[in-house]
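Student: Make the full structure from the sequences, and use the hints.
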Amino acid sequence: MTMDKNTNMPTAAELEILNILWKKEPLTVKEIHEKLVEKKDVGYTTALKIMQNMTAKGLLRREPNGKSHLYFSNIKKEET
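Counting along the sequence shown from 1, when you hit position 76 you're at 76 in my numbering, and nothing is skipped either side.
It should be emphasised that the hints constitute simulated quantities derived from the structure, not laboratory data. One or more hints might be untrue.
What the hints assert, rightly or not - Dumping the calculated SDA-like pairs for lysine to any residue here, alpha-carbon to alpha-carbon at most 20 Å:
hint, residue 1, residue 2
1, Lys39, Pro10
2, Lys57, Thr11
3, Lys67, Thr45
4, Lys23, Lys67
5, Lys35, Arg62
6, Lys23, Phe72
7, Lys67, Thr28
8, Lys77, Ala12
9, Lys77, Lys67
10, Lys35, Leu70
11, Lys49, Glu78
12, Lys40, Ala56
13, Lys30, Asn19
14, Lys67, Tyr44
15, Lys30, Ile50
16, Lys49, Thr28
17, Lys49, Ala13
18, Lys76, Tyr44
Said to hold, decoys possible - DEER-style ranges, computed between Cβ atoms:
hint, residue 1, residue 2, range
19, Gly66, Met9, 29 to 37 Å
20, Thr45, Glu78, 16 to 24 Å
21, Tyr44, Phe72, 13 to 21 Å
22, Met9, Lys67, 27 to 35 Å
23, Asp41, Lys76, 23 to 31 Å
24, Gly43, Glu78, 27 to 35 Å
25, Glu79, Lys24, 16 to 24 Å
Idealized CB from N, CA, C, for every residue including glycine.
Tutor: Have a look at this one:
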């Protein structure tokens with residue numbers, strides 16, 4: 001069974017996070033959340049959940065860094 005290429009296309013919220021990471025990566029959830037709240041009211045746990053879903057979809061990569069995790073984009077801006 002083949003997967004539709006558009007299945008893993010980022011949503012608008014995911015694209016906001018990717019845009020932050022494309023400018024400067026890697027970042028923690030806290031750092032991304034701080035950037036998101038500059039534009040709109042987003043809860044920390046909401047940002048975390050979106051990023052967990054993005055990692056599961058293969059859009060992000062997560063690496064341990066002490067007590068936190070660093071997130072990297074797994075896709076290029078040109079691919080979106």
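Student: Are any of the numbered hints broken by this structure? If so, which, sorted upward?
Tutor: 4, 9, 11, 12, 18 and 20
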